[in-house]
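**Q** Here are the chains, one letter per residue:
Number of protein chains: 2
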Amino acid sequence: MDTPLQYKRPREIEERSFAIIREELGGREFPAQEAPIIYRAIHTSADFDYADSLAFSPGAVEHALAALRQGACIVTDTQMAKSGINRAALQQAGCEVFCFMADEDVAQEASRRGVTRAVASIDKAVRLNRPTLFAIGNAPTALIRLYEHITAGFSPALVIGVPVGFVNVVESKEWILSTQAPYIVARGRKGGSNIAAAICNALLYQITERAF
Amino acid sequence: MDTPLQYKRPREIEERSFAIIREELGGREFPAQEAPIIYRAIHTSADFDYADSLAFSPGAVEHALAALRQGACIVTDTQMAKSGINRAALQQAGCEVFCFMADEDVAQEASRRGVTRAVASIDKAVRLNRPTLFAIGNAPTALIRLYEHITAGFSPALVIGVPVGFVNVVESKEWILSTQAPYIVARGRKGGSNIAAAICNALLYQITERAF
Numbered sequence: 001m002d003t004p005l006q007y008k009r010p011r012e013i014e015e016r017s018f019a020i021i022r023e024e025l026g027g028r029e030f031p032a033q034e035a036p037i038i039y040r041a042i043h044t045s046a047d048f049d050y051a052d053s054l055a056f057s058p059g060a061v062e063h064a065l066a067a068l069r070q071g072a073c074i075v076t077d078t079q080m081a082k083s084g085i086n087r088a089a090l091q092q093a094g095c096e097v098f099c100f101m102a103d104e105d106v107a108q109e110a111s112r113r114g115v116t117r118a119v120a121s122i123d124k125a126v127r128l129n130r131p132t133l134f135a136i137g138n139a140p141t142a143l144i145r146l147y148e149h150i151t152a153g154f155s156p157a158l159v160i161g162v163p164v165g166f167v168n169v170v171e172s173k174e175w176i177l178s179t180q181a182p183y184i185v186a187r188g189r190k191g192g193s194n195i196a197a198a199i200c201n202a203l204l205y206q207i208t209e210r211a212f
Numbered sequence: 001m002d003t004p005l006q007y008k009r010p011r012e013i014e015e016r017s018f019a020i021i022r023e024e025l026g027g028r029e030f031p032a033q034e035a036p037i038i039y040r041a042i043h044t045s046a047d048f049d050y051a052d053s054l055a056f057s058p059g060a061v062e063h064a065l066a067a068l069r070q071g072a073c074i075v076t077d078t079q080m081a082k083s084g085i086n087r088a089a090l091q092q093a094g095c096e097v098f099c100f101m102a103d104e105d106v107a108q109e110a111s112r113r114g115v116t117r118a119v120a121s122i123d124k125a126v127r128l129n130r131p132t133l134f135a136i137g138n139a140p141t142a143l144i145r146l147y148e149h150i151t152a153g154f155s156p157a158l159v160i161g162v163p164v165g166f167v168n169v170v171e172s173k174e175w176i177l178s179t180q181a182p183y184i185v186a187r188g189r190k191g192g193s194n195i196a197a198a199i200c201n202a203l204l205y206q207i208t209e210r211a212f
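If you read the protein sequences in the order shown, they are chains Z and F.
Each residue of the first sequence is one higher than the last, beginning at 1 in this note's numbering.
Each residue of the second sequence is one higher than the last, beginning at 1 in this note's numbering.
Since the hints were made in silico from the structure, they are not lab data.
Since the structure is predicted, the reported quantities are computational estimates derived from the model, not experimental observations.
Any given hint could be a false lead.
[As the list claims (entries may be wrong)] Distance ranges between label pairs, derived from CB positions: (1) Z:Gly71 x F:Asp105: 32 to 38 Å; (2) F:Leu128 x Z:Arg16: 52 to 58 Å; (3) F:Ala51 x Z:Ala51: 29 to 35 Å; (4) Z:Phe18 x F:Arg112: 49 to 55 Å; (5) F:Asp105 x Z:Glu14: 50 to 56 Å; (6) F:Gly27 x Z:Gln70: 51 to 57 Å; (7) F:Ile20 x Z:Phe98: 48 to 54 Å; (8) F:Ala32 x Z:Ala152: 47 to 53 Å.
[As the list claims (entries may be wrong)] Some chain F residues close to chain Z (C-beta under 7 Å, calculated; not the full set): (9) Arg11; (10) Ile13; (11) Arg16; (12) Gln79; (13) Asn86; (14) Ala88; (15) Gly192; (16) Asn194; (17) Tyr205.
[What the hints assert, rightly or not] In silico negatives: residues of chain F with every beta carbon more than 12 Å from chain Z: (18) His43; (19) Ser57; (20) Pro140.
Quick reminder that beta carbons are idealized off the backbone N, C-alpha and C, glycines included.
Kindly generate the complete structure, drawing on both the sequences and the hints.
**A** Right, dumping it as structure tokens:
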């Protein structure tokens, strides 16, 4: 069989991809700790909108990296986002990732209270009572519930607010943007589990040696 | 705590989302079996580019649905795409999904042959010797390897060719478009594991009662 393209090592492809992204951004400058996150969101979607839509609260990345260095956990609102977070990086950083969406107690609580499983998942995560980065790529109700906890005094290590969609999504992000919590939010409709995972990876890669 | 937005049931939100998508597409007509796939790709990304970029080979959806009805399996190139495929729909359809990327024998074969794990994964899937839908949202090398198998006589039940990225991606899709295999391809750089999973779900929902 012919080989129509030369196979290249994944790491080499990633480096060339980032060079192309930087080049197509035409020399735009981003804060040093935010740039890898912006680049990786574009890398995972081929969508340059993220260069404009990603909003960072002041010091959000520093705050999240400090928390991760101290073993903060990550909570996602989909199994898909959890699956997209680099296992080797998590392990090297000594961090854990959880998704409670399929948990039986979450299903029961959601049913009993008449809320989404995403809401019950967030409540379960808050009850962990440990430093937590929330990576929300799907459920606006998860983000809204987080907003409610924050206004009641809860302090997340970071809110990654990147649900995607057409109903409640834009509003849910605006609520997070109105808080004093550390956040990374994709303004507008776009986002997704892939973007949530990419942002987590971009953070983890800043505190690991990236030998993977 | 206040509730800034009324929580809505996920299914209700999805129906409203699809209505918005149809409205914003301004009455554009798509073939009946392709429309749900186009809508769902937009739904999962909030990116209307998919209305133009998704290319379907003649009869691809019918072919894939017939295969799924007969218990074809789905093979993905990421755990993330596998995670994004609706478990209840899979179960109702009597279908299985596999991702071989983390398999020890795949890692060994890739290392021995000096190819990517994605290539070795495709080879393993082809050796299954059963009707298979390939959902490729990440690795252009997987798609290129599939192209090689197809030109050597292999007949996939469907190739979902939606890797995302900047290196080899556009070319890998063009190779699939040049074949006679049943395909759904997102032309250009865009795609991803989320899009691959969304297309699988859109297919499964056409052959299930969607009571989930």
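**Q** Each hint: holds or not?
**A** The hints, checked one at a time:
no.: 1; hint: Z:Gly71 x F:Asp105: 32 to 38 Å; verdict: 34 Å, holds
no.: 2; hint: F:Leu128 x Z:Arg16: 52 to 58 Å; verdict: 33 Å, violated
no.: 3; hint: F:Ala51 x Z:Ala51: 29 to 35 Å; verdict: 23 Å, violated
no.: 4; hint: Z:Phe18 x F:Arg112: 49 to 55 Å; verdict: 29 Å, violated
no.: 5; hint: F:Asp105 x Z:Glu14: 50 to 56 Å; verdict: 25 Å, violated
no.: 6; hint: F:Gly27 x Z:Gln70: 51 to 57 Å; verdict: 54 Å, holds
no.: 7; hint: F:Ile20 x Z:Phe98: 48 to 54 Å; verdict: 32 Å, violated
no.: 8; hint: F:Ala32 x Z:Ala152: 47 to 53 Å; verdict: 49 Å, holds
no.: 9; hint: Arg11; verdict: 11 Å, violated
no.: 10; hint: Ile13; verdict: 5 Å, holds
no.: 11; hint: Arg16; verdict: 5 Å, holds
no.: 12; hint: Gln79; verdict: 4 Å, holds
no.: 13; hint: Asn86; verdict: 11 Å, violated
no.: 14; hint: Ala88; verdict: 11 Å, violated
no.: 15; hint: Gly192; verdict: 5 Å, holds
no.: 16; hint: Asn194; verdict: 5 Å, holds
no.: 17; hint: Tyr205; verdict: 17 Å, violated
no.: 18; hint: His43; verdict: 7 Å, violated
no.: 19; hint: Ser57; verdict: 19 Å, holds
no.: 20; hint: Pro140; verdict: 8 Å, violated
Hints 2, 3, 4, 5, 7, 9, 13, 14, 17, 18, 20 from the list above are not met by this structure, while the remaining hints are.
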